[in-house]
Amino acid sequence: MTRQTIQTDKAPAAVGTYSQAVKVGNTVYISGQLGFDPITMELKEGFDAQAKQVFENIKAICEAAGGSLNDVVKFNVSLTDLNDFAALNEVFMANLTEPYPARAAVQVAALPKGGVVEIESILYIE
Numbered sequence: 454m455t456r457q458t459i460q461t462d463k464a465p466a467a468v469g470t471y472s473q474a475v476k477v478g479n480t481v482y483i484s485g486q487l488g489f490d491p492i493t494m495e496l497k498e499g500f501d502a503q504a505k506q507v508f509e510n511i512k513a514i515c516e517a518a519g520g521s522l523n524d525v526v527k528f529n530v531s532l533t534d535l536n537d538f539a540a541l542n543e544v545f546m547a548n549l550t551e552p553y554p555a556r557a558a559v560q561v562a563a564l565p566k567g568g569v570v571e572i573e574s575i576l577y578i579e
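Going by the working numbering, the sequence shown opens with residue 454, and the numbers climb by one from there.
A couple of the hints might just be wrong.
[As the list claims (entries may be wrong)] Under the rule of at most 20 Å between Cα atoms (straight-line distance), these lysine to aspartate or glutamate pairs were calculated in the DMTMM-like manner:
#1 Lys497 x Glu571
#2 Lys527 x Glu498
#3 Lys512 x Asp534
#4 Lys497 x Asp462
#5 Lys497 x Glu551
[To be verified] Pair by pair, the computed Cβ-Cβ distance ranges are:
#6 Asn542 x Gly469: 18 to 24 Å
#7 Thr455 x Asn542: 32 to 38 Å
#8 Thr455 x Lys566: 28 to 34 Å
#9 Val477 x Ala557: 18 to 24 Å
#10 Thr455 x Leu535: 37 to 43 Å
#11 Ala540 x Gln457: 20 to 26 Å
Honestly, the hints are just simulated from the structure, not real lab data.
From the three backbone atoms N, C-alpha and C, an ideal C-beta is built for every residue, glycine too.
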């Protein structure tokens with residue numbers, strides 16, 4: 454099975470030893486996305502703005518891989534404060550339709566660059 458890296462300028466560039474996403478067969482593994490604006494590489498202010506930007510970044514990578522947010526089968530969410538969970542659900546509802554994908558959410562001590570939310574995704578494209 455071949456492995457293909459996915460990259461788009463519509464999402465923040467990888468700034469380390471990782472790819473924005475990797476496609477193996479029909480499955481695309483999207484690296485954790487923070488709330489960085491892909492043009493300025495500046496982190497958005499506050500939870501809501503970061504969470505919305507995270508979804509824009511994931512959406513751009515999904516499209517670069519030939520899919521959409523509706524093709525995501527699993528989200529793994531890291532929050533620096535579980536008190537943001539209700540706001541997280543609002544952002545999910547604004548971006549997704551039923552049937553919803555599987556999801557895990559955990560609180561972490563810190564995220565890179567002072568981010569407050571990071572989401573990694575698994576996409577399945579037929």
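Check your understanding: Does the structure keep Lys512 and Asp534 at a Cα separation of 20 Å or less?
Key -> Violated, because 24 Å separates the two Cα atoms, which is more than 20 Å.
Check your understanding: Quick one, are Lys497 and Glu571 close enough, alpha carbons at most 20 Å?
Key -> Holds - the C-alpha atoms of Glu571 and Lys497 are around 13 Å apart, at most 20 Å.
Review point. If you check the beta carbons of Val477 and Ala557, does the distance land in 18 to 24 Å?
Key: holds, 21 Å
Review point. Does the Cβ distance between Ala540 and Gln457 fall inside 20 to 26 Å?
Key: For Ala540 and Gln457 the Cβ distance comes to about 35 Å; the hint is violated.
Check your understanding: Holds or violated: are the alpha carbons of Lys497 and Glu551 at most 20 Å from each other?
Key -> violated, 28 Å
Check your understanding: Measuring from beta carbon to beta carbon, are Thr455 and Leu535 in 37 to 43 Å?
Key -> holds, 39 Å
Practice item. Please test the hint of 18 to 24 Å on the beta carbon pair from Asn542 and Gly469. Key: The hinted range 18 to 24 Å is violated for Asn542 and Gly469, with Cβ atoms some 30 Å apart.
Review point. Range hint 28 to 34 Å: satisfied by the CB atoms of Thr455 and Lys566?
Key: holds, 33 Å
Check your understanding: In this structure, is the beta-carbon distance linking Thr455 and Asn542 contained in 32 to 38 Å?
Key -> Because 37 Å falls inside the window, the suggested range holds.
Exercise for review: Take a quick look at whether Lys497 and Asp462 sit within 20 Å of each other, Cα to Cα.
Suggested key: Cα-Cα ~18 Å, so holds.
Review point. Can the restraint linking Lys527 and Glu498 be considered satisfied, given a maximum Cα separation of 20 Å?
Key: violated, 26 Å
Checked against the numbered hints above, the structure breaks hints 2, 3, 5, 6, 11 and satisfies the rest.
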